[in-house]
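Asks: Sequence:
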Amino acid sequence: MKMIARASVIKAVMLILIVVLFGSSSLAQKPKTGSSLKNVELCNGSNRVSPEARIDGCTAFIDAGEGSANGFAVAHNNRGNAYSAKADYERAIKDFIEATRLNPNYAKAFNNLGVAYLRTGSHDLALGAFEEALKLNPNYGAAFANRASAHLRRNAYDRAAQDYDEALRLDPKLEAAWSGRCWARAVLGALQAALEDCDMALRSGAGNAATYDSRALINLKLGQFSAAIDDYNSALRFAPKLASALYGRGVARFKLGDIDGGNSDIAAARSIDAGIGEDFVRYGVP
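Residues in the sequence shown are numbered from 1 upward in steps of one, following the UniProt record's numbering.
Source of the hints: derived by calculation from the structure; they are not laboratory data.
Hints may be right or wrong, so weigh each one.
Only pairs whose alpha carbons sit at most 30 Å apart, straight line, appear in this in silico DSS-like list of lysine-lysine [unchecked claim]: (1) LYS255 / LYS221; (2) LYS173 / LYS221; (3) LYS241 / LYS255; (4) LYS135 / LYS173; (5) LYS221 / LYS86.
Ranges between beta-carbon positions, derived for each pair [as the list claims (entries may be wrong)]: (6) GLU196 / LEU37: 43 to 53 Å; (7) VAL285 / ASP199: 16 to 26 Å; (8) GLY121 / ARG282: 18 to 28 Å.
Here a beta-carbon is modelled for each residue, glycine too, at the ideal position from N, C-alpha and C.
Please model the entire structure based on the sequences and the hints provided.
Replies: As C-alpha coordinates, this is what we get:
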(Lines of atoms letter the chains of each structure in order from A; the text may use other names.)
(Lines give C-alpha, C1' and ligand atoms only; values in the text may rest on other atoms or scores of the structure.)
Protein backbone atom coordinates (compact mmCIF):
# COMPACT_ATOMS: atom_id res chain seq x y z
CA MET A 1 0.00 0.00 0.00
CA LYS A 2 4.26 3.90 -0.52
CA MET A 3 8.34 9.52 -0.41
CA ILE A 4 10.49 11.09 2.05
CA ALA A 5 10.06 13.15 5.24
CA ARG A 6 6.41 13.22 6.35
CA ALA A 7 5.46 11.17 3.29
CA SER A 8 7.27 8.23 4.86
CA VAL A 9 5.14 8.68 7.98
CA ILE A 10 2.01 8.63 5.85
CA LYS A 11 3.42 5.47 4.33
CA ALA A 12 3.64 3.98 7.81
CA VAL A 13 -0.02 4.82 8.38
CA MET A 14 -0.94 3.26 5.07
CA LEU A 15 0.85 0.04 5.90
CA ILE A 16 -1.38 -0.36 8.92
CA LEU A 17 -4.49 0.43 6.93
CA ILE A 18 -3.63 -2.09 4.26
CA VAL A 19 -3.59 -4.89 6.79
CA VAL A 20 -7.07 -3.87 7.84
CA LEU A 21 -8.47 -2.92 4.48
CA PHE A 22 -7.04 -5.44 2.09
CA GLY A 23 -9.38 -8.12 3.37
CA SER A 24 -9.89 -10.86 0.84
CA SER A 25 -13.22 -12.18 -0.32
CA SER A 26 -13.93 -15.89 -0.37
CA LEU A 27 -14.65 -17.81 -3.52
CA ALA A 28 -18.05 -19.42 -3.15
CA GLN A 29 -17.32 -22.23 -5.56
CA LYS A 30 -18.11 -25.95 -5.57
CA PRO A 31 -15.11 -27.49 -7.29
CA LYS A 32 -15.40 -30.93 -8.75
CA THR A 33 -11.88 -32.14 -8.11
CA GLY A 34 -9.37 -32.10 -5.31
CA SER A 35 -6.97 -29.94 -7.32
CA SER A 36 -9.58 -27.27 -8.00
CA LEU A 37 -10.58 -27.29 -4.33
CA LYS A 38 -6.94 -26.73 -3.43
CA ASN A 39 -6.73 -23.79 -5.84
CA VAL A 40 -9.79 -22.19 -4.24
CA GLU A 41 -8.29 -22.62 -0.77
CA LEU A 42 -5.00 -21.10 -1.90
CA CYS A 43 -6.73 -18.19 -3.64
CA ASN A 44 -8.78 -17.52 -0.51
CA GLY A 45 -5.58 -17.40 1.53
CA SER A 46 -6.52 -20.34 3.73
CA ASN A 47 -4.00 -21.21 6.45
CA ARG A 48 -2.12 -17.96 5.85
CA VAL A 49 -0.37 -19.18 2.75
CA SER A 50 2.36 -17.11 1.11
CA PRO A 51 1.52 -14.45 -1.50
CA GLU A 52 3.19 -16.61 -4.14
CA ALA A 53 0.94 -19.55 -3.28
CA ARG A 54 -2.13 -17.33 -3.40
CA ILE A 55 -1.12 -16.00 -6.80
CA ASP A 56 -0.66 -19.55 -8.09
CA GLY A 57 -4.02 -20.65 -6.71
CA CYS A 58 -5.93 -17.69 -8.10
CA THR A 59 -4.20 -17.97 -11.48
CA ALA A 60 -5.05 -21.66 -11.73
CA PHE A 61 -8.68 -20.94 -10.82
CA ILE A 62 -8.93 -18.12 -13.40
CA ASP A 63 -7.22 -20.12 -16.13
CA ALA A 64 -9.53 -23.10 -15.57
CA GLY A 65 -12.45 -20.91 -16.67
CA GLU A 66 -14.97 -22.76 -14.52
CA GLY A 67 -16.91 -20.24 -12.50
CA SER A 68 -19.24 -17.27 -12.49
CA ALA A 69 -18.31 -13.69 -13.33
CA ASN A 70 -18.53 -12.80 -9.65
CA GLY A 71 -16.29 -15.73 -8.76
CA PHE A 72 -13.65 -14.57 -11.22
CA ALA A 73 -13.97 -11.03 -9.85
CA VAL A 74 -13.18 -12.35 -6.37
CA ALA A 75 -10.23 -14.32 -7.73
CA HIS A 76 -8.80 -11.22 -9.41
CA ASN A 77 -9.31 -9.18 -6.24
CA ASN A 78 -7.58 -11.83 -4.14
CA ARG A 79 -4.70 -12.11 -6.58
CA GLY A 80 -4.42 -8.33 -6.55
CA ASN A 81 -4.10 -8.48 -2.76
CA ALA A 82 -1.30 -11.03 -3.11
CA TYR A 83 0.54 -8.88 -5.64
CA SER A 84 0.12 -5.89 -3.32
CA ALA A 85 1.66 -7.90 -0.49
CA LYS A 86 4.70 -8.29 -2.75
CA ALA A 87 4.66 -4.55 -3.60
CA ASP A 88 3.97 -5.47 -7.25
CA TYR A 89 1.42 -2.72 -7.68
CA GLU A 90 1.38 -2.73 -11.46
CA ARG A 91 0.02 -6.29 -11.54
CA ALA A 92 -2.20 -5.59 -8.54
CA ILE A 93 -3.83 -2.63 -10.29
CA LYS A 94 -4.52 -4.73 -13.39
CA ASP A 95 -6.24 -7.38 -11.26
CA PHE A 96 -8.31 -4.87 -9.28
CA ILE A 97 -9.42 -3.18 -12.51
CA GLU A 98 -10.46 -6.55 -13.92
CA ALA A 99 -12.33 -7.35 -10.71
CA THR A 100 -14.31 -4.11 -10.98
CA ARG A 101 -14.99 -4.76 -14.67
CA LEU A 102 -16.39 -8.19 -13.92
CA ASN A 103 -18.40 -6.88 -10.97
CA PRO A 104 -19.03 -3.10 -11.14
CA ASN A 105 -20.68 -3.25 -7.70
CA TYR A 106 -17.59 -4.66 -5.97
CA ALA A 107 -16.83 -1.94 -3.40
CA LYS A 108 -13.93 -3.83 -1.82
CA ALA A 109 -12.11 -4.12 -5.15
CA PHE A 110 -12.52 -0.37 -5.80
CA ASN A 111 -11.13 0.33 -2.33
CA ASN A 112 -8.16 -1.96 -2.91
CA LEU A 113 -7.59 -0.37 -6.32
CA GLY A 114 -7.47 3.02 -4.63
CA VAL A 115 -4.86 1.86 -2.13
CA ALA A 116 -2.69 0.43 -4.92
CA TYR A 117 -2.96 3.70 -6.85
CA LEU A 118 -2.07 5.62 -3.71
CA ARG A 119 1.03 3.53 -3.18
CA THR A 120 2.21 4.37 -6.70
CA GLY A 121 1.65 8.11 -6.24
CA SER A 122 -1.44 8.29 -8.49
CA HIS A 123 -3.40 10.42 -6.05
CA ASP A 124 -6.20 11.54 -8.37
CA LEU A 125 -6.86 7.97 -9.53
CA ALA A 126 -6.81 6.81 -5.92
CA LEU A 127 -9.40 9.41 -4.92
CA GLY A 128 -11.63 8.36 -7.80
CA ALA A 129 -11.46 4.71 -6.78
CA PHE A 130 -12.24 5.48 -3.13
CA GLU A 131 -15.15 7.67 -4.15
CA GLU A 132 -16.54 4.84 -6.28
CA ALA A 133 -16.21 2.45 -3.33
CA LEU A 134 -18.11 4.91 -1.13
CA LYS A 135 -20.85 5.37 -3.72
CA LEU A 136 -21.37 1.62 -3.67
CA ASN A 137 -21.13 1.39 0.12
CA PRO A 138 -21.64 4.69 1.98
CA ASN A 139 -20.97 2.89 5.28
CA TYR A 140 -17.50 1.69 4.27
CA GLY A 141 -15.43 3.09 7.11
CA ALA A 142 -12.17 1.69 5.76
CA ALA A 143 -12.66 3.49 2.44
CA PHE A 144 -13.21 6.78 4.28
CA ALA A 145 -9.94 6.20 6.16
CA ASN A 146 -8.11 5.45 2.92
CA ARG A 147 -9.56 8.51 1.20
CA ALA A 148 -8.38 10.55 4.18
CA SER A 149 -4.86 9.23 3.55
CA ALA A 150 -5.14 10.38 -0.05
CA HIS A 151 -6.14 13.85 1.15
CA LEU A 152 -3.10 13.90 3.45
CA ARG A 153 -0.86 13.23 0.45
CA ARG A 154 -2.34 16.37 -1.13
CA ASN A 155 -1.92 18.44 2.09
CA ALA A 156 -5.73 18.75 2.28
CA TYR A 157 -5.80 18.43 6.07
CA ASP A 158 -9.36 19.71 6.59
CA ARG A 159 -10.79 17.14 4.18
CA ALA A 160 -8.62 14.41 5.66
CA ALA A 161 -9.89 15.19 9.16
CA GLN A 162 -13.49 15.08 7.93
CA ASP A 163 -12.99 11.67 6.33
CA TYR A 164 -11.29 10.35 9.46
CA ASP A 165 -14.28 11.63 11.48
CA GLU A 166 -16.61 9.57 9.30
CA ALA A 167 -14.34 6.52 9.32
CA LEU A 168 -14.21 6.48 13.10
CA ARG A 169 -17.94 7.10 13.42
CA LEU A 170 -18.54 4.02 11.32
CA ASP A 171 -15.74 1.91 12.82
CA PRO A 172 -14.10 3.15 16.04
CA LYS A 173 -11.74 0.17 15.94
CA LEU A 174 -9.84 1.48 12.91
CA GLU A 175 -6.70 2.13 14.93
CA ALA A 176 -4.73 3.75 12.13
CA ALA A 177 -7.55 6.25 11.59
CA TRP A 178 -6.97 7.57 15.11
CA SER A 179 -3.31 8.08 14.25
CA GLY A 180 -4.09 9.67 10.89
CA ARG A 181 -6.61 12.09 12.38
CA CYS A 182 -4.08 12.94 15.09
CA TRP A 183 -1.65 14.11 12.41
CA ALA A 184 -4.28 16.08 10.49
CA ARG A 185 -5.47 17.81 13.65
CA ALA A 186 -1.90 18.49 14.80
CA VAL A 187 -1.12 20.32 11.56
CA LEU A 188 -4.42 22.20 11.70
CA GLY A 189 -3.66 23.34 15.27
CA ALA A 190 -6.42 21.44 17.12
CA LEU A 191 -3.76 20.27 19.52
CA GLN A 192 -5.78 18.93 22.45
CA ALA A 193 -8.09 16.94 20.18
CA ALA A 194 -5.05 15.69 18.26
CA LEU A 195 -3.37 14.59 21.48
CA GLU A 196 -6.46 12.62 22.48
CA ASP A 197 -6.42 10.87 19.09
CA CYS A 198 -2.76 9.90 19.36
CA ASP A 199 -3.22 8.66 22.92
CA MET A 200 -6.20 6.60 21.78
CA ALA A 201 -4.09 5.05 19.00
CA LEU A 202 -1.28 4.23 21.40
CA ARG A 203 -3.63 2.75 24.01
CA SER A 204 -5.07 0.49 21.35
CA GLY A 205 -1.60 -0.89 20.64
CA ALA A 206 -1.01 1.00 17.39
CA GLY A 207 2.45 2.18 18.42
CA ASN A 208 4.41 3.08 15.29
CA ALA A 209 6.58 5.81 13.82
CA ALA A 210 3.60 7.76 12.48
CA THR A 211 1.76 7.96 15.80
CA TYR A 212 4.80 8.91 17.85
CA ASP A 213 5.89 11.45 15.22
CA SER A 214 2.43 13.00 15.30
CA ARG A 215 2.34 13.23 19.09
CA ALA A 216 5.84 14.69 19.07
CA LEU A 217 4.69 17.47 16.73
CA ILE A 218 1.85 18.25 19.14
CA ASN A 219 4.26 18.47 22.08
CA LEU A 220 6.62 20.62 20.00
CA LYS A 221 3.82 23.06 19.19
CA LEU A 222 2.72 23.06 22.85
CA GLY A 223 6.25 23.90 24.00
CA GLN A 224 6.66 20.55 25.76
CA PHE A 225 10.14 20.04 24.36
CA SER A 226 11.33 17.18 26.56
CA ALA A 227 8.13 15.23 25.84
CA ALA A 228 8.60 15.96 22.14
CA ILE A 229 12.12 14.55 22.23
CA ASP A 230 10.89 11.40 23.98
CA ASP A 231 8.26 10.87 21.28
CA TYR A 232 10.69 11.60 18.45
CA ASN A 233 13.09 9.05 19.98
CA SER A 234 10.27 6.49 19.94
CA ALA A 235 9.45 7.31 16.32
CA LEU A 236 13.10 6.93 15.33
CA ARG A 237 13.31 3.52 16.95
CA PHE A 238 10.70 2.41 14.43
CA ALA A 239 12.10 4.45 11.51
CA PRO A 240 15.71 5.62 12.09
CA LYS A 241 15.82 7.69 8.88
CA LEU A 242 12.50 9.48 9.33
CA ALA A 243 13.38 13.04 8.34
CA SER A 244 10.45 14.68 10.11
CA ALA A 245 11.38 13.05 13.41
CA LEU A 246 15.05 14.01 13.08
CA TYR A 247 14.20 17.60 12.19
CA GLY A 248 11.58 17.95 14.92
CA ARG A 249 13.94 16.50 17.51
CA GLY A 250 16.58 18.96 16.33
CA VAL A 251 14.21 21.88 16.86
CA ALA A 252 13.29 20.61 20.33
CA ARG A 253 16.96 20.23 21.24
CA PHE A 254 17.64 23.80 20.13
CA LYS A 255 14.77 24.99 22.32
CA LEU A 256 16.35 23.22 25.29
CA GLY A 257 19.78 24.75 24.59
CA ASP A 258 21.43 21.70 23.02
CA ILE A 259 22.85 23.53 20.02
CA ASP A 260 25.21 20.77 18.88
CA GLY A 261 22.53 18.09 19.15
CA GLY A 262 20.04 20.29 17.33
CA ASN A 263 22.49 21.03 14.52
CA SER A 264 23.32 17.33 14.14
CA ASP A 265 19.67 16.25 13.92
CA ILE A 266 18.68 19.00 11.50
CA ALA A 267 21.66 18.31 9.25
CA ALA A 268 20.75 14.62 9.19
CA ALA A 269 17.13 15.44 8.36
CA ARG A 270 18.13 17.77 5.53
CA SER A 271 20.43 15.13 4.08
CA ILE A 272 17.34 12.92 3.72
CA ASP A 273 14.95 15.67 2.62
CA ALA A 274 16.32 19.08 1.66
CA GLY A 275 12.84 20.62 1.93
CA ILE A 276 12.01 19.41 5.43
CA GLY A 277 12.33 22.91 6.90
CA GLU A 278 9.66 24.23 4.53
CA ASP A 279 7.43 21.33 5.53
CA PHE A 280 7.70 22.30 9.19
CA VAL A 281 6.79 25.89 8.37
CA ARG A 282 3.64 24.50 6.76
CA TYR A 283 3.01 22.43 9.90
CA GLY A 284 3.16 25.61 11.98
CA VAL A 285 6.71 25.22 13.32
CA PRO A 286 8.94 27.96 11.83
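Asks: Take the hints in turn and mark each one as holding or not.
Replies: Quick rundown of the hints versus the structure:
1. The suggested pairing of LYS255 with LYS221 holds, with an alpha-carbon distance near 12 Å, which does not exceed 30 Å.
2. At most 30 Å may separate the alpha-carbon atoms for a hinted pair to count; LYS173 and LYS221 meet this at roughly 28 Å.
3. Restraint check: the Cα-Cα separation between LYS241 and LYS255 comes to about 22 Å, which is no more than 30 Å; the hinted pair holds.
4. Restraint check for LYS135 and LYS173: the C-alpha separation of about 22 Å stays at or below 30 Å, so the hint holds.
5. Restraint check for LYS221 and LYS86: not satisfied, since their Cα atoms lie roughly 38 Å apart, outside the 30 Å limit.
6. Between GLU196 and LEU37 the C-beta distance comes to about 49 Å, which sits within the given range of 43 to 53 Å.
7. Roughly 21 Å separates the CB atoms of VAL285 and ASP199, a value that falls within the hinted 16 to 26 Å.
8. At about 19 Å, the beta-carbon gap between GLY121 and ARG282 stays in the expected band of 18 to 28 Å.
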